[in-house]
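The primary structure of each chain is shown beneath.
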Amino acid sequence: MTALAALEQLVVEFRGGGRVLRALDEVSLVIAPGESLGVVGESGSGKSTLARALLGLVAADRGRVLFGGADLATLGGAELRRLRRRMAIIFQNPAASFDPRQTIGDSVGEPLAVHEPALARAARRARVAALLERTGLDPALAARRPHELSGGPCQRAAIARAMIASPQLVVCDEAVSALDVSVQAQIVNLLLELRRENGVALLFISHNLAVVRRLASRVLVLYRGRVVEVAPREALYAAPRHPYTRLLLDSVPSLVPAASQAPRVPPETASPFARDRGCAFVARCPFAIRRCAEVAPPLETVAPGQAVACLRWREGVATRCA
Amino acid sequence: MRLAWPARAALVVLGVVLALALLGPLASPWHAEQLDWQRMAVAPGLDGAHWLGTDRLGRDLFVRSLEGVRVSLAIAGLATLVSLVLGVGYGAIAGYAGGRVDALMMRAVDVFYSLPYVFFVILLTVVLERRPATVFLAIGAVGWLTMARVVRGETRRLREREFIEAAVAAGVPAPTILWRHVVPNLAGPVLVYATLTVPGLILLESFLSFLGLGVQEPAASLGNLLAQGAQEMEAAPWMLLVPCSFLIATVLALGFLGEGLRDALDPHEL
Amino acid sequence: MRSIRMSSEAPLLAIEALAIEFAGAAAPLRAVDGVSLALWPGRSLGLVGESGAGKSQLALAVPGLTPRQARLTGSIRLAGEELVGAAPARLRRLRGARIGTVFQDPSTALAPHLTIGTQLTEVLAAHAQAHGAAARRAALAMLERVRLPDAVTRLGQYPHELSGGLRQRVMLAIALIARPALVIADEPTTALDVTVEAGILELLAELVRGEGTALLLVSHDLAVVAGLCDEIAVMYAGRIVESGPARAVLTAPAHPYTAGLLAARLTLDSPLDVPVAAIPGNPPGAGPRPAGCGFAPRCARALERCRQEVPLLLARDHGQVACYAPLAPAERP
Numbered sequence: 001m002t003a004l005a006a007l008e009q010l011v012v013e014f015r016g017g018g019r020v021l022r023a024l025d026e027v028s029l030v031i032a033p034g035e036s037l038g039v040v041g042e043s044g045s046g047k048s049t050l051a052r053a054l055l056g057l058v059a060a061d062r063g064r065v066l067f068g069g070a071d072l073a074t075l076g077g078a079e080l081r082r083l084r085r086r087m088a089i090i091f092q093n094p095a096a097s098f099d100p101r102q103t104i105g106d107s108v109g110e111p112l113a114v115h116e117p118a119l120a121r122a123a124r125r126a127r128v129a130a131l132l133e134r135t136g137l138d139p140a141l142a143a144r145r146p147h148e149l150s151g152g153p154c155q156r157a158a159i160a161r162a163m164i165a166s167p168q169l170v171v172c173d174e175a176v177s178a179l180d181v182s183v184q185a186q187i188v189n190l191l192l193e194l195r196r197e198n199g200v201a202l203l204f205i206s207h208n209l210a211v212v213r214r215l216a217s218r219v220l221v222l223y224r225g226r227v228v229e230v231a232p233r234e235a236l237y238a239a240p241r242h243p244y245t246r247l248l249l250d251s252v253p254s255l256v257p258a259a260s261q262a263p264r265v266p267p268e269t270a271s272p273f274a275r276d277r278g279c280a281f282v283a284r285c286p287f288a289i290r291r292c293a294e295v296a297p298p299l300e301t302v303a304p305g306q307a308v309a310c311l312r313w314r315e316g317v318a319t320r321c322a
Numbered sequence: 323m324r325l326a327w328p329a330r331a332a333l334v335v336l337g338v339v340l341a342l343a344l345l346g347p348l349a350s351p352w353h354a355e356q357l358d359w360q361r362m363a364v365a366p367g368l369d370g371a372h373w374l375g376t377d378r379l380g381r382d383l384f385v386r387s388l389e390g391v392r393v394s395l396a397i398a399g400l401a402t403l404v405s406l407v408l409g410v411g412y413g414a415i416a417g418y419a420g421g422r423v424d425a426l427m428m429r430a431v432d433v434f435y436s437l438p439y440v441f442f443v444i445l446l447t448v449v450l451e452r453r454p455a456t457v458f459l460a461i462g463a464v465g466w467l468t469m470a471r472v473v474r475g476e477t478r479r480l481r482e483r484e485f486i487e488a489a490v491a492a493g494v495p496a497p498t499i500l501w502r503h504v505v506p507n508l509a510g511p512v513l514v515y516a517t518l519t520v521p522g523l524i525l526l527e528s529f530l531s532f533l534g535l536g537v538q539e540p541a542a543s544l545g546n547l548l549a550q551g552a553q554e555m556e557a558a559p560w561m562l563l564v565p566c567s568f569l570i571a572t573v574l575a576l577g578f579l580g581e582g583l584r585d586a587l588d589p590h591e592l
Numbered sequence: 593m594r595s596i597r598m599s600s601e602a603p604l605l606a607i608e609a610l611a612i613e614f615a616g617a618a619a620p621l622r623a624v625d626g627v628s629l630a631l632w633p634g635r636s637l638g639l640v641g642e643s644g645a646g647k648s649q650l651a652l653a654v655p656g657l658t659p660r661q662a663r664l665t666g667s668i669r670l671a672g673e674e675l676v677g678a679a680p681a682r683l684r685r686l687r688g689a690r691i692g693t694v695f696q697d698p699s700t701a702l703a704p705h706l707t708i709g710t711q712l713t714e715v716l717a718a719h720a721q722a723h724g725a726a727a728r729r730a731a732l733a734m735l736e737r738v739r740l741p742d743a744v745t746r747l748g749q750y751p752h753e754l755s756g757g758l759r760q761r762v763m764l765a766i767a768l769i770a771r772p773a774l775v776i777a778d779e780p781t782t783a784l785d786v787t788v789e790a791g792i793l794e795l796l797a798e799l800v801r802g803e804g805t806a807l808l809l810v811s812h813d814l815a816v817v818a819g820l821c822d823e824i825a826v827m828y829a830g831r832i833v834e835s836g837p838a839r840a841v842l843t844a845p846a847h848p849y850t851a852g853l854l855a856a857r858l859t860l861d862s863p864l865d866v867p868v869a870a871i872p873g874n875p876p877g878a879g880p881r882p883a884g885c886g887f888a889p890r891c892a893r894a895l896e897r898c899r900q901e902v903p904l905l906l907a908r909d910h911g912q913v914a915c916y917a918p919l920a921p922a923e924r925p
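Chains as they are written, first to last, in the numbering used here: chain Z, 1 to 322; chain D, 323 to 592; chain G, 593 to 925.
Simulated from the structure, these hints should not be mistaken for lab results.
Glycine is no exception: its CB is placed at the ideal position from the N, C-alpha and C atoms.
One thing to keep in mind: the hints can contain errors.
Here chain Z is said to cover these stretches of chain G; the calculated rule only asks that three of the stretch's residues, wherever they fall, bring their Cβ under 8 Å from a Cβ of chain Z [said to hold, decoys possible]:
| # | region |
| --- | --- |
| 1 | 752-760 |
| 2 | 852-863 |
| 3 | 869-875 |
Turn these sequences into a full structure, and let the hints steer you where they fit.
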């Protein structure tokens with residue numbers, strides 16, 4: 001298997017006011033062509049930074065970002081732009097991801113205008129219309145401006161823009177989180193259909209485990225910039241190995257209140273600027289022992305395709321309390 | 323976009339002043355540099371069709387004041403235009419580039435800022451010939467600095483927006499992003515700032531002309547009319563009051579219009 | 593049993609035929625369109641709906657926080673006192689003292705330039721309940737009740753020094769410190785992380801139950817309401833379409849919209865091999881509302897009549913439903 005994209009020991013830091021915030025701390029991952037990988041994390045987990053790093057929108061401080069075998073850091077501006085034809089991103093807030101002064105049609109057609117400048121204007125319009133129709137929109141919407149569309153249609157247009165240059169990888173950064181439940185389901189279905197049709201690889205980033213479960217066949221869990229667990233969907237949801245994954249699963253609100261006995265876990269009080277010597281989750285972990293605060297747990301392979309960064313995974317602490 | 327009533331009233335006042343400045347002189351039998359030997363320093367009235375009186379040399383104040391409005395507005399307007407082009411270009415590039423380029427470009431602006439402005443203008447008018455074009459050059463050369471700062475701040479804010487990030491991620495080259503996404507979205511704040519710049523520059527022009535550094539006799543500008551009027555303030559107050567009224571009306575109207583535009587374009591207001 | 597209790601005791605909050613109108617470009621927009629509901633002391637009511645349902649507008653009208661340009665008609669009575677058209681000074685006195693409000697985003701709802709201690713004692717001072725050292729003691733006790741770690745230190749801290757979850761605990765403390773009879777919570781956990789959400793909801797339930805406070809909870813998430821509320825009112829396009837005991841409405845919905853909303857929720861055990869049961873179309877935007885039932889354009893069961901007449905909210909086995917073609921008990925999920 002050759003990887004489509006990969007992060008190798010990636011470190012991304014942000015500096016400001018004399019402090020350093022390590023958003024990603026030695027994160028590695030591999031995305032195979034046509035694969036759908038889910039990334040789960042809460043605020044401050046570094047999941048949006050991960051999306052931006054993969055697309056070369058933020059620079060790596062250490063480690064490498066590879067796409068199609070090429071290291072993004074070594075590419076020149078023009079080469080990087082050409083490579084971007086093969087990737088696309090869909091943001092959380094559909095209205096904000098469109099230029100308020102441009103028509104939807106112009107925005108959706110922009111990647112084509114950049115990467116296929118030889119294409120005649122009429123042909124480009126036709127491609128935009130066809131794709132709008134495929135994403136369930138009236139092609140006449142091409143003449144509208146983003147503020148005239150509500151959230152659902154706007155996100156459909158964002159999907160059309162992401163798909164128009166036939167990319168190999170689409171990154172969805174909380175792409176359905178801002179939508180109403182009834183509309184969210186429509187967009188999830190649309191993404192599933194498009195994936196089946198085009199075989200495009202999907203990196204689906206979300207805080208919502210139920211949504212990720214529907215869209216991703218492999219899931220990676222981030223906490224404070226570190227990968228704490230990565231596993232195939234079935235394994236992760238049925239038998240999580242990391243206590244944080246367990247906590248996330250137990251926290252999903254359920255309609256049957258009795259069934260969701262959310263464990264009482266103290267909230268995160270550590271500053272995002274603080275660097276964790278041991279495990280990042282130690283302060284909130286119900287299973288933490290003294291060594292957890294002293295030694296950073298390595299990401300160990302525990303089963304085919306499943307790895308976890310927990311000193312006590314062998315004891316099955318996370319799995320047992322289910 | 324809906325303007326509040328003060329701004330709409332200001333638009334009407336501006337329209338009237340502009341129409342008068344362009345068409346008013348045609349209605350009068352006099353022109354700006356013509357002397358009326360029979361009627362020197364007469365008060366406003368119907369005598370000899372000098373509706374707003376004459377100055378010491380018998381020149382018609384109605385026509386001269388309107389000529390002054392035209393010249394002052396033209397200088398301020400052109401200078402604003404220059405500051406718009408320079409300021410938007412410079413500020414947008416600095417703001418979009420960010421990092422060291424931004425720091426370097428903005429420090430250069432700071433250096434210009436720290437030069438004593440009036441001294442700089444005086445120097446320029448001394449070195450070059452004192453013509454309206456020189457005044458315009460002097461004002462324009464410095465007027466763009468604030469615009470560049472405004473635009474740079476606005477561009478930095480825009481850069482954080484997702485639609486710019488989406489364009490970068492789509493592989494759109496930076497110049498195209500600047501031209502197609504950044505500049506059009508600057509239109510609102512830039513327009514407002516420009517409207518507020520014009521009255522400031524009119525006042526500056528008047529100030530320079532008042533000092534005798536600006537537009538020179540016999541050409542009229544609001545500034546040199548004020549300077550002459552001020553000398554006759556006690557004997558012939560209309561010589562000061564007439565150009566003064568035009569100046570106040572124009573500057574106030576532009577101020578109100580800018581205020582109104584800012585409110586109307588402010589995304590936080592409903 | 594419940595009906596006897598309801599008839600014998602006056603409701604704490606009684607809203608009748610409430611309408612909130614905004615001047616639109618062409619026609620006025622009715623954000624809330626003839627809503628009636630009642631809330632008894634010690635009970636909790638969940639208002640559920642999607643964007644544009646009018647749920648937040650309805651809830652914020654109670655403490656008089658409706659935007660100025662809106663027109664309010666109908667009646668809101670708190671313990672018998674009419675609040676629609678009440679003097680602003682009177683409403684201000686009620687806010688904090690009788691009605692506590694918890695907003696969605698604690699990072700913008702807290703004043704950034706005041707310490708947490710000041711913001712808490714301010715409420716007590718404003719309603720002449722306590723001053724000085726007594727107010728400080730009360731503030732500390734309240735922070736301990738919302739289980740804020742290191743409460744003493746927190747009194748002197750500013751909101752930006754706290755994480756989102758801790759800030760929302762402070763919001764709860766501010767809303768509850770003057771022991772109001774009614775607490776209004778507008779999407780109190782929407783801006784928070786999942787692992788923090790459960791703790792806040794649990795705390796809210798505990799605080800409200802312990803004091804016999806009535807709770808009006810607004811949420812887009814059925815699960816949030818399910819865990820916290822005795823009763824549910826589902827809103828769509830400015831009207832209540834279904835209401836009743838929470839458990840009954842969620843397990844046996846009668847309105848097609850409630851049923852659709854339940855089916856569209858993704859859960860940890862929803863099937864992976866079939867498409868998600870989405871409701872077609874989009875929630876109504878700011879444009880003109882259709883005649884008849886607001887949900888009719890998206891409803892698979894809509895009859896001709898639904899597009900012409902507005903169905904009334906009528907009693908129907910467990911609660912109330914506004915629908916001409918409700919789901920029969922056998923059809924319910």
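Status of each hint after checking the structure:
| no. | hint | in the structure |
| --- | --- | --- |
| 1 | 752-760 | holds (count 4) |
| 2 | 852-863 | holds (count 9) |
| 3 | 869-875 | holds (count 6) |
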